[in-house]
Amino acid sequence: MKITVLFFALFGLTGCYTVLWLPSDEMPKSYSQNEFYNSEFYGKYYDYYSTPWWILTPINIYNPSEIISTKKERNKKSTDLRNESGERMIFERGGSGRNEYTPPITTTSGDSKGNNNTSSQTNGNKGAESNNINEEQSRTKSNSNNNSSIRNESGNRNSGNTRR
Amino acid sequence: MSKRILFFLFFILFSGMSLAQNFNDALRVGVPGLGMNARALGMGNSYLALSDDGSASFFNPAGLGLVKRLEFMGGLDISSFNNITTFFGNQTKSNASQTLLNNASFAFPIPTVRGSLVFGLAYNSQKDLIGSNQFDGFNPGTNSKIQSLLDTDIPYDLFLTDDDGNTIINGRLNQSGNMLNSGSINSWTLTGAIEVYKNLFVGANLSILSGNYSSDFDYYEDDSKNNYQGITAPGYTKTTDFRSFYLKNLLKWDLEGWNAKIGFLYQFNNFGRFGATIQFPKLFTIKEKFIVEGSSEFANWSTSLDSEDYSDEVKYNIRTPFEVSGGFSVNLQGLILSGQLNYINYTELEFTDAEGLTPTYISDQNKRIKSLLRQTINYNLGAEYTIPNIGLRIRGGYIFQKSPFENDDSEFDKKYFTGGIGFLADGVIGIDLGYAYGWWKDIGDNYGSNLSRTFQDIKYHKFIITTTYRF
Numbered sequence: 341m342k343i344t345v346l347f348f349a350l351f352g353l354t355g356c357y358t359v360l361w362l363p364s365d366e367m368p369k370s371y372s373q374n375e376f377y378n379s380e381f382y383g384k385y386y387d388y389y390s391t392p393w394w395i396l397t398p399i400n401i402y403n404p405s406e407i408i409s410t411k412k413e414r415n416k417k418s419t420d421l422r423n424e425s426g427e428r429m430i431f432e433r434g435g436s437g438r439n440e441y442t443p444p445i446t447t448t449s450g451d452s453k454g455n456n457n458t459s460s461q462t463n464g465n466k467g468a469e470s471n472n473i474n475e476e477q478s479r480t481k482s483n484s485n486n487n488s489s490i491r492n493e494s495g496n497r498n499s500g501n502t503r504r
Numbered sequence: 476m477s478k479r480i481l482f483f484l485f486f487i488l489f490s491g492m493s494l495a496q497n498f499n500d501a502l503r504v505g506v507p508g509l510g511m512n513a514r515a516l517g518m519g520n521s522y523l524a525l526s527d528d529g530s531a532s533f534f535n536p537a538g539l540g541l542v543k544r545l546e547f548m549g550g551l552d553i554s555s556f557n558n559i560t561t562f563f564g565n566q567t568k569s570n571a572s573q574t575l576l577n578n579a580s581f582a583f584p585i586p587t588v589r590g591s592l593v594f595g596l597a598y599n600s601q602k603d604l605i606g607s608n609q610f611d612g613f614n615p616g617t618n619s620k621i622q623s624l625l626d627t628d629i630p631y632d633l634f635l636t637d638d639d640g641n642t643i644i645n646g647r648l649n650q651s652g653n654m655l656n657s658g659s660i661n662s663w664t665l666t667g668a669i670e671v672y673k674n675l676f677v678g679a680n681l682s683i684l685s686g687n688y689s690s691d692f693d694y695y696e697d698d699s700k701n702n703y704q705g706i707t708a709p710g711y712t713k714t715t716d717f718r719s720f721y722l723k724n725l726l727k728w729d730l731e732g733w734n735a736k737i738g739f740l741y742q743f744n745n746f747g748r749f750g751a752t753i754q755f756p757k758l759f760t761i762k763e764k765f766i767v768e769g770s771s772e773f774a775n776w777s778t779s780l781d782s783e784d785y786s787d788e789v790k791y792n793i794r795t796p797f798e799v800s801g802g803f804s805v806n807l808q809g810l811i812l813s814g815q816l817n818y819i820n821y822t823e824l825e826f827t828d829a830e831g832l833t834p835t836y837i838s839d840q841n842k843r844i845k846s847l848l849r850q851t852i853n854y855n856l857g858a859e860y861t862i863p864n865i866g867l868r869i870r871g872g873y874i875f876q877k878s879p880f881e882n883d884d885s886e887f888d889k890k891y892f893t894g895g896i897g898f899l900a901d902g903v904i905g906i907d908l909g910y911a912y913g914w915w916k917d918i919g920d921n922y923g924s925n926l927s928r929t930f931q932d933i934k935y936h937k938f939i940i941t942t943t944y945r946f
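The listed protein sequences derive, respectively, from chains A and B.
Position one of the first sequence corresponds to residue 341 (this note's numbering), numbered consecutively onward.
Position one of the second sequence corresponds to residue 476 (this note's numbering), numbered consecutively onward.
Keep in mind the hints are simulated off the structure, nothing from the lab.
Glycine included, every Cβ here is placed at the ideal spot set by N, Cα and C.
Restraint ranges, calculated between C-beta atoms of paired labels, are given here: (1) A:M367 - B:I940: 35 to 41 angstroms; (2) A:S364 - B:I862: 44 to 50 angstroms; (3) A:S364 - B:I940: 39 to 45 angstroms.
Below are the DSSO-like pairs computed for lysine-lysine, each with C-alpha atoms no more than 27 angstroms apart in a straight line: (4) B:K842 - B:K877; (5) B:K916 - B:K727; (6) A:K384 - B:K673; (7) B:K723 - B:K762; (8) B:K890 - B:K877; (9) B:K673 - A:K369.
Example chain B residues on the side facing chain A (calculated, C-beta under 7 angstroms, incomplete): (10) R544; (11) N745; (12) P863.
Next up, chain B with everything else stripped away, as it sits in the complex (with noise of 0.2 angstroms):
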């Protein structure tokens, strides 16, 4: 944990302002998401050496290579978010929810004499950004957010300091604060799949990428302790006795960009299959608006910030790190169990083509990010088994995504235990449902490093339904 200490220290000391871009921006949109098909995430997503239904397109593009009857396939998302965050002692509990049209697809099996050739377009929701956290505590540290900012204008256009720049606050302050985030990456893919040897499928994908998020973070610090009778700024009568200061952040991105995957899958036996695939890099272009509001308040007065003065707006690019994934499935007589491994260097995370930013700040996050955070191994496990008869299919599986960051212990990985059943209707229609429970811990800074530290306790809850009609 020291080192983890010694990394935010670092990100301070280099950082002139803690609301500019980082490596959080950059892990937004490279750690990969549960993804929409309700099939995949009833068997923990472990569905790269499965993938024949139109969710290939973001599972194993060669997967698509195995569907025989012409597919519609369309699905819808409930994802919630709760958080209980532990703040100087104090619990407070949040929750953000979302429900999107996650999958949209058609594929195309092309009529052969032999083999396999298949096309496919598809919408998907790859990944939900949604977010909660809410605090409230005394912190008893002579520190603050106000002490925090004062290599800003902020606390001396809000009448917290001198002429000079100067504050008397010194902490001992009530802080609380809520965020609420929302949004999700979403992809058009057009995927190919070719079967270029007997039970060898080979497929590929271009995706045009979209998305939007949007983070709402309210942050107050109130003298609870009346700590702070006197005069704020000198000179000023109206700043006795502060009160309290509030700070919103409000940032909003416009997420657009391409990435491209390959895929292989071999069949043998008929029992079994592999699968691979290679994920290249994702370019993501960010169009970014920071919106900054801010107040101070008085016994007798208030005053706020001209938000124009500290908003802004920036365009910068995001490229992701390569993903390389292999997989298996074999089924034993109606029960299927498949694993695969996945392989992401989050080292790669990189940012470029900054407008509005300066290079010099930008290779400083590329350094932050490469000191930071590490490779991972991530893996999925997945079992199903189609009662005779009835038709009934009923799945588990569990997924396991390590953190990214370089030396969390194990509770800051996530993991989740997942669920589901199935049932096909008159041989073409195909109905899914989907569940997933996921749980991991988190940590997060007002200011500073260890210093104003929310403790998170996360769990989270998704749920899909996927509709598929062959004929």
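Only chain A is shown next, with the shape it has when bound in the complex (with noise of 0.2 angstroms):
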């Protein structure tokens, strides 16, 4: 039983020399070397005994609305590059572009079986507008692949579009 209250005693002790990190200080950079050691004839057996790991490994703790924050602040960053490209402003018109772009409606002329003549025409049948609206999300569809071959030849905007 004696040894038992020595044995937490001790570690109990912590105010003397020792002070231990908390997460919500700031990681020490420096450290107490050891210079038992010594490096200079020691060479990697100076790190593998002087070095403490947390200074080796950095410990990074994040609060929740930190990193809400920075992404905030990345996002703004971004942008504002962005802005500054030209190339990149034609890349974002085109985003927006797809998302409020509203493409023409379209019309099949000749067979039912359709070709890929398309004009800017509007037909007043119903049916055929929503057919013809079919036909035209399909083909955007298409468009937009073709824009991202376009891109994959700017690895700025392929870039950016992975981002996205």
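With the hints in hand, could you dock these two chains into one complex?
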């Protein structure tokens, strides 16, 4: 029993010299070097014995609210950067165009099997309109793919697309 | 030597049966083992003032405070015990060997702004319990094991006496036997160390002990010169022409227990360290099975014992003495020299709380321990040199363990030369090999004192490999 008390008493004495790092503290960047195995004679052994693991592998602790804040900041900076580049403005415009752009309602002329000929004329037949919209969606998608292939020619744009 | 004989006579006089517990059982757990760290072994286990790895739990808990990186450590141990026994002019060789997973440990340094706080959990094999003894020779004396057992029913049950318990056997028999011992003492240890002042570390640990031990002893007495041609047990003609007597003792232990240790370590001027430890008494609880088998053989008949009549199970505690140790190490430009002293008062070994043994018997054993044993100071010396640029470390050391028996000559002291090498791969994986060669003499009596004595010349080899991963 006495030994048990002594054991725990020893580790209750943390106030003497050792100061523990707490997550709220800044990570220590320097440490008290133990020169018993000095670098002159021990080479790699020096780090093996002397360098604390939290210096080699710093502990990163994030507050969730800070993470959100950081993300917003990153988006903001990205936007600013894009605005500085004409090419990227085109990309941005194209991007917003995909969301806001209303494609012309097209009608199919010729046989019902449909060729790829399109026009901007509006057909008053609702049923036909509906079919045409479907076809337009398909074509829009096709256009999107075409755009994508163009973007692939630009590393920057492709990179931007990936981020979104 | 004469005093030693007197002590053995004292032992024989006061023990009803030489098969029961005695000081040898206490010494089995009381004498320190060689540990489980290859680097330490290579340096003659002079590691008290280094202990800057997971093996600090065994050598000096304070040393754990020097560990700066997360560390996994594991190791393997191969031991070989070689005994050349001289018995009535005949020499017989015997050998026992054992391979153990001797260490698995983890050290976790807590991040600090200043100083050090490190915790560790370790499984250690503290000591192997291997041994062997084989002998064969004709004892011309008028004594024998059969005669020494006349205060038991064994000779009677084997038809080696008349109905009143008297025997015609009067020595002049060929005696032979072989003993094989195996087992180990292991521990699960929780260690903590803290830097309480700049460069002053304090550590402590608690260990749960476990282990096992087995001793298998076959003993024979043969009428090799046909001295006993007549009837051995009058009235039983089948006992004509006694040929052989056989006795087997099988001792099996299950050990458990606990102990604690505190340690201090101070590093001065970046080149020297001083360490000290206090090992509190270890308390072992021994659950013992003792199995006896025996037989006698005559020209045309043989018989054997009912094993259950002589086998039993008992339980008792053994408390070991305090161990106080102090040591130093200095680093002289890549050459580390270390030395340490260790004090043990073996007279404080004690049997307690026995179940199945009478209190008076236990008390007699404890008195015998105080009479037979003594205080000892053991020492260890070691050196390590790191070859610059290569990173190879070469080591050498010497271990001296004084015999715990009062008035034993120096030839009974255990001496070891040790050596080893170490290498660091990729700055994170340490590989160490350690070897120890030990030699000492011992004696053993089959019964009585110097009536049927084996003179043993022991050579011991231990090889340890330890790997350490720090990240």
